[in-house]
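Student: Take the two lone chains and join them into the complex the hints point to.
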Amino acid sequence: MTDNSQSRLRLLLGKLNPLGLPLRQKIGVFGLAFLIALPLLVSLPVVGQFVVMILPASSWQLGLYNVAAALFFAMFAMSWDAVSGYTGEISFGHGLFFAVGGYTSALLNMGHGLSPWISILGGVLLAALAGVMIGVPALRIEGPYLSLVTLVAPLILLQVFIFMSDIFGGEQGLSNPDNLIGLGFVSNYFLALGLFLAIFALLWALTRSNTGSILTAIREDEDAVSAAGLSKAKFKIFAFVLSGAIGGLAGAVYVHTPVGSPTPSELMSVIINVEVIIAAVLGGMGTIVGAALGGLFVAMLPDYLNLVEFTVPVLGKSISEMSFFLFAIVTLFLLNIFPGGVLRWGIALGRRATGRDGSGEEGMAADGGQSPEDAGTNPVAQTMERYQEYYDNMFGGDDE
Amino acid sequence: MVNDGSSSGAGSANGSKEIGDEYNGNSSKLNRRRFIQAAGVGAAATGFAGCLGGGPGSSTEGIPSEVTIGVLAPAPENNPIGAAIANSAELAAKQINNSDKLLSEADNVKVSIKNTQESPSTGRQRYRALTLDEGAHMTTGVFTSEVLLQLMDPIAQQQTVHMTTGAASPKASKQVNENYDKYKYHFRTGPINGYHLGQNMVDFLEAKGSDLGWDSVALLVENYEWTNPVQKAIDDHIGDLDVDVAMERRYASGTQNFGPIYDSVEESGADAAFVAMAHTGTPAVVQWARDQRPFEFGGIHVLTQLPAYYSMTGGACQYTVTQNTATPQSELTDKTLDYAEAYNEANDGYPVYTGYITHDAIMQWANVATERGTVNSDEIVKGLEESSYTGTAGSIDYYGKDHKYAHDIKYNFTTDSPPETGVNPVFQQWQSEDGSGVQEVLHPSYVSSADYQAPPWV
Numbered sequence: 001m002t003d004n005s006q007s008r009l010r011l012l013l014g015k016l017n018p019l020g021l022p023l024r025q026k027i028g029v030f031g032l033a034f035l036i037a038l039p040l041l042v043s044l045p046v047v048g049q050f051v052v053m054i055l056p057a058s059s060w061q062l063g064l065y066n067v068a069a070a071l072f073f074a075m076f077a078m079s080w081d082a083v084s085g086y087t088g089e090i091s092f093g094h095g096l097f098f099a100v101g102g103y104t105s106a107l108l109n110m111g112h113g114l115s116p117w118i119s120i121l122g123g124v125l126l127a128a129l130a131g132v133m134i135g136v137p138a139l140r141i142e143g144p145y146l147s148l149v150t151l152v153a154p155l156i157l158l159q160v161f162i163f164m165s166d167i168f169g170g171e172q173g174l175s176n177p178d179n180l181i182g183l184g185f186v187s188n189y190f191l192a193l194g195l196f197l198a199i200f201a202l203l204w205a206l207t208r209s210n211t212g213s214i215l216t217a218i219r220e221d222e223d224a225v226s227a228a229g230l231s232k233a234k235f236k237i238f239a240f241v242l243s244g245a246i247g248g249l250a251g252a253v254y255v256h257t258p259v260g261s262p263t264p265s266e267l268m269s270v271i272i273n274v275e276v277i278i279a280a281v282l283g284g285m286g287t288i289v290g291a292a293l294g295g296l297f298v299a300m301l302p303d304y305l306n307l308v309e310f311t312v313p314v315l316g317k318s319i320s321e322m323s324f325f326l327f328a329i330v331t332l333f334l335l336n337i338f339p340g341g342v343l344r345w346g347i348a349l350g351r352r353a354t355g356r357d358g359s360g361e362e363g364m365a366a367d368g369g370q371s372p373e374d375a376g377t378n379p380v381a382q383t384m385e386r387y388q389e390y391y392d393n394m395f396g397g398d399d400e
Numbered sequence: 001m002v003n004d005g006s007s008s009g010a011g012s013a014n015g016s017k018e019i020g021d022e023y024n025g026n027s028s029k030l031n032r033r034r035f036i037q038a039a040g041v042g043a044a045a046t047g048f049a050g051c052l053g054g055g056p057g058s059s060t061e062g063i064p065s066e067v068t069i070g071v072l073a074p075a076p077e078n079n080p081i082g083a084a085i086a087n088s089a090e091l092a093a094k095q096i097n098n099s100d101k102l103l104s105e106a107d108n109v110k111v112s113i114k115n116t117q118e119s120p121s122t123g124r125q126r127y128r129a130l131t132l133d134e135g136a137h138m139t140t141g142v143f144t145s146e147v148l149l150q151l152m153d154p155i156a157q158q159q160t161v162h163m164t165t166g167a168a169s170p171k172a173s174k175q176v177n178e179n180y181d182k183y184k185y186h187f188r189t190g191p192i193n194g195y196h197l198g199q200n201m202v203d204f205l206e207a208k209g210s211d212l213g214w215d216s217v218a219l220l221v222e223n224y225e226w227t228n229p230v231q232k233a234i235d236d237h238i239g240d241l242d243v244d245v246a247m248e249r250r251y252a253s254g255t256q257n258f259g260p261i262y263d264s265v266e267e268s269g270a271d272a273a274f275v276a277m278a279h280t281g282t283p284a285v286v287q288w289a290r291d292q293r294p295f296e297f298g299g300i301h302v303l304t305q306l307p308a309y310y311s312m313t314g315g316a317c318q319y320t321v322t323q324n325t326a327t328p329q330s331e332l333t334d335k336t337l338d339y340a341e342a343y344n345e346a347n348d349g350y351p352v353y354t355g356y357i358t359h360d361a362i363m364q365w366a367n368v369a370t371e372r373g374t375v376n377s378d379e380i381v382k383g384l385e386e387s388s389y390t391g392t393a394g395s396i397d398y399y400g401k402d403h404k405y406a407h408d409i410k411y412n413f414t415t416d417s418p419p420e421t422g423v424n425p426v427f428q429q430w431q432s433e434d435g436s437g438v439q440e441v442l443h444p445s446y447v448s449s450a451d452y453q454a455p456p457w458v
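Protein chains in written order, with the UniProt record's numbering: chain R, 1 to 400; chain Z, 1 to 458.
Hints listed in this document are in silico derivations from the structure and should not be mistaken for laboratory results.
Every residue, glycine too, gets a C-beta built ideally from N, C-alpha and C.
Be a bit skeptical, because a hint or two may be false.
[Stated by the list, open to error] On the chain R side, residues computed to face chain Z include the following (Cβ under 10 Å):
hint	residue
1	59
2	175
3	263
4	269
5	306
6	321
7	385
8	388
Extracted from the complex, chain Z is given alone in its bound form (with noise of 0.2 Å):
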């Protein structure tokens, strides 16, 4: 459920100060049309008079009769994440059409998807035309943290709401925390940051270890940027645990052999290898099952949440467990089912994590407009800062502007019982069904849908 994931020019177009201030977002009272205009007046006072115009929703008062969304997703043509995130936006938009109480003073509400191409530049692009061409009255989705670091100050600067559903990086909510009134229209509604990953790692060893008998683990985190927070989170709170990290590695990026490491594994006595793995994932848990390693395996294996993956390693995920959002199985809200149905009903296929967060960002935003009465971007922050709603991911609440973690959502600490406030990862494994896999969902216990197995060979 994770991925790998201050302008201050001295003038702008015609050397303004003034206007130059505006495009860098010091001024909150400057909407996007006044941005479109601020940079037309630009242009006309170098003399070029400037076509100006907002896109087709410009307003920012009341409900406009076609509401536009803005989705950012990676190739959502071929990428299971980023299809789930497109998919999802178009069903949360069918299913808006269709509410007689959701923005029901608009005609039509409109999804524009774009492709991030997993590129910094590329979504850069993509979102200004949103923004300044389509006139998006909030935007969602992006998977990698690469590309919504760098879409940061754009969203800044055009003042319109933008709710993630993929990074994980907490770099994006330090920076709404250290300069609220510059980057408050950021919100995280998924997945948890990447502290929080980790912090929901240990506590589910708390919760599960003696269970599945992990007594003694073996820490296995790959050397990305991603996993700092992940295992800083671990470091922090593993050792209030009666259980013996028996081996910690932080293993190059791009290792594709994991013999080595795995016979370091088997000389520390681990009972399992409590890992932290996406780029790598695959040749790891490969080699996992093919040498058939006597330790069992699981932690965050951003891959093994792919509900195509057994398939896709001819049953080698078999046995591994991780982290995830939601699974078809899991039935963490009266929602979680009803929608991931509707999901393969429309696409053939049940979604990944993101399509679960992309659903509920959307719903979120449709009822605090509703409950608005408006989408303008300053409202619908103040909005969302008071709001608390229970999507297909638990319930969706965000931290406060003085929170260090600020616009992210909340984490669930009682990590075993329904949460009033926040979410809750589920924790699953992949097990084989009549010889097709199923993402069996072991904790948090009030949605487990089976009992642990460990592997044969262990």
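Only chain R is shown next, with the shape it has when bound in the complex (with noise of 0.2 Å):
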């Protein structure tokens, strides 16, 4: 072996060293490293019963089945900021990506007998066309009204489910299609576990490459990513196509897992496409990372909600009475206080606290490029200026 080969492997062995790491991708690790040893961790005598503890449920299997529920609410969540925190074109229906995943998957299943393994390719490339019907739009109107038609397609696509209830079962949905692996409590965690993972690698990838770039310029400067010579629409279609098509691959496995079914509440409710945005502007919109961790938290909030009994002394009503409530209530709260997400708040407390905040140095946030402290430039700041100045077109604002 020669120097050079050598040092080669001593430069990738040090950057899979997890010693080596930045600290957040320190924390990231041990964060990954402990779901995957979750169900490990569950069964030994002592430290067991203090991780039941901290799961979101009175039991180890509940707790795995929530914690892979909650992991299909994220794969959500990543697959909405994929398109809407990285090009700032906020879709308000993100639902319909996962209902056409989840029923396609499920109809072919229980209709046609198709396996699930198959099943689930077919409600992908539904879904991915599904991202071609929004996107191709998306070419001629951009910002609210973009937006709007991504609110009204859900709500037409419940209409039809509703219309011809007899092959989509209207407002009751579908009965449950076959399970992929069965119904055991370990198996269904990694399998949640495993697609997380899968998404969440692919989406990073992609986010950190090139393409993520542009993506990220289309948000910031269109005119500039035009005078670029790229071509926008190539780049807009091709984000909300992957974005459907991972959106649909979650829905479509969810369904075949016990913890989910093909629903419209569960899939497509004003509820999920709400909560899906919350989940990734609370995490940090943008940043995938964020979107994901949102997801958990959002998820998994109520879950641990019920689980008190605690009954307010004035209010004479308990905590779990109040679950919903109080969610919103946190949520909002968290909202104010970090309008760039949990995330970039985060990685900012971090560097000041280990005296790396940027003082002389470039700072490299999450999402590949900016500031974190730098709150004019969040993503979140960027859509809403875009919003804005559509806004002032719309109501005939100076033109400057």
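Tutor: This is how it looks when you write it as structure tokens:
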């Protein structure tokens, strides 16, 4: 082995060594290791009891099911972030993709006897096609106009489901299709975790590539993208198709597990559409990591609140009775405190604590190029600025 | 009285087909404890020991010292339908605990109430918490069909008797009929299923149509899945009557403006709008009363079944007629009014229909468990199939395994005579008494409490 190849190997090993990673990535690796080891940890004599206490359920079995459900929700949030977080085109109806994926796979499985492994592919393809159907109008209409299209699309789909309820089951949904890998608590947990990691890795790599930079540039300044000779149309459609396919994949696998089913409330209700946005914005819009963390938090917080038996003295109501109300209050509070997302705030805090706050060196944020402390350039602020321009034009604002 | 409402995994946690089959409920001998053990084995086989353990009463032989009844209700703290389910379960448990005859071997009958939030995913989560963590010996409740249909597989997997007391979709009983061994643990104590709800509307028209002067009707049905079996039954049977269907409209879901629809009803010359409404019910009633449309109004209107609906609509529902399981004015059996008054005393208000049904479900289960001397679900299934229990809503009997509505409560087809088997819903009219609303019963005649009052503007 030559010196050159040995030094390359050392470099590679150095990069893979968790101890050599930046603090935020060390925390990420630790979190990942915890998720992978979770089913083992709950079975240990003393540690297991402690771990069950921090799970969003009163037993390890249900805890694994609930975390699996939260992982699917995090995948939904990541699929939203891939298009809306990066291009700034806000989708108010991402449930369309989850529903197309989930219903297609369920119908192919139950109606035509296809194995879930094949029917899921069908769901992904149709969801990608739905991405084209939303992406193409995005070439002509932008900002709030496109948001309206995305808002209306799942409502239309729901009306189709109700109108053709003999096929789609209307407001009651479809019955349970076959499970992909049975009902095991551990196996379904690992199925969800595996898919979560695969989607996370794909989106993380894509958004950190040149493609991700172009999508971010579309959000920051579309004219600059065109001026550079790049087709913003091509990249916008790509983002919608990618996001649709991933949302469809998550929706399709979800309905083939014991934690999910093909019903409007689970895949395309207004609450789902809104919660996906809250999750991504709360975690950190345009970062993928933030959407994943926000998704886990938004999905599991109500489960935690439901476990609390404490009764509020004056109101005479228990915390679990008020879980949805408290969830909304906590979320609103966090969104106000951390408008750029909890992830950006955490990274900035970490840098200050470790004395690497960027003074004299270029700070690299999780989204691959922005200073976490520059609130004026965070994706939420940029998107709001874009929308403000559209509103000004719509209502005859002064052109300067 | 209605609402809107097979796993073939290749293996399990450890890839074992045998355990996978057990998970899928293919082994009828598998009880709930074995399910938990199977899950634990699944975990252990992958290298994880697994923490096993059933709930407080996981024994399925005999009557345990503590019996746990799991209740699934939508927002029981503020939804009147959910509150009626939860409060009636508490009342039933209290009555069983005070009884010398029912479950006397048990020191305590405990009720555990969980909120489904009308969401299938939450309903599944709460159901599993009840059966896996708390070791519920039976479960009851469930209002929306969307939740019930997604619970059918978990019920089959847990192999614990579940008695539905709100959701009316006949798809559940179809599953029992088509795959009895797997789904036999599901019973619908009420209401009667969606098809029979429609049949009952026609039977009401046959019995009372001429008295009410409804010689021609305009059928108005909201376009939701729950109305499909209702409308099918009406279409199947209304032709046998000497009643003219002047118009039939399945109007769009989410309709808020009933002006054009009511114009069409007026043009058709129908004596009454014969309706099936739940989601769109309030604007329909309010606009009918506000505009004083020249036709009468009745059928299935879910919201007018609520005892508080008169005050909620400012009296707009006066003169409307709707089907209901029971009202505080209907002495269907000698238990009906006793229950309604006991409920009123405990909760300072009368129950919605789901309350009567939930009380009946738990009392019937307790009777069967006492007779059989066990809470074992397979024994209880046999007991319930053979049981004929007189509850607050009538005689509670179930269709057998070969019937297309297997394990649904029997509907009494002789609608104007007290049933020997099965139940007979009532038709109530909101009437005004000293400025407040009363749910007076028009039909069946043996429980009738008042004569029909036509709207003064018609």
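Student: Taking the hints in turn, state whether each one holds.
Tutor: We went through each hint and held it up to the structure:
Here the hint on residue 59 of chain R is kept, as its CB sits about 5 Å from the closest CB of chain Z, short of 10 Å. With a cut of 10 Å, the hint placing residue 175 of chain R at the interface with chain Z holds, because the nearest CB-to-CB distance is about 6 Å. At its closest, the beta carbon of residue 263 of chain R sits 5 Å from a beta carbon of chain Z; the interface hint therefore holds under the 10 Å criterion. At its closest, the beta carbon of residue 269 of chain R sits 9 Å from a beta carbon of chain Z; the interface hint therefore holds under the 10 Å criterion.
Below 10 Å, beta-carbon pairs count as interface contacts, and residue 306 of chain R has one with chain Z at about 8 Å; its hint therefore holds. Among the interface hints, the one on residue 321 of chain R holds; its C-beta lies about 5 Å from the nearest C-beta in chain Z, closer than the 10 Å criterion. Checking residue 385 of chain R against chain Z by beta carbon gives a least distance of about 35 Å; that is not within 10 Å, so the hint is violated. Because the closest C-beta pair between residue 388 of chain R and chain Z is about 32 Å apart, greater than 10 Å, the hint is violated.
Hints 7, 8, counting from the list given before, are not met by this structure.
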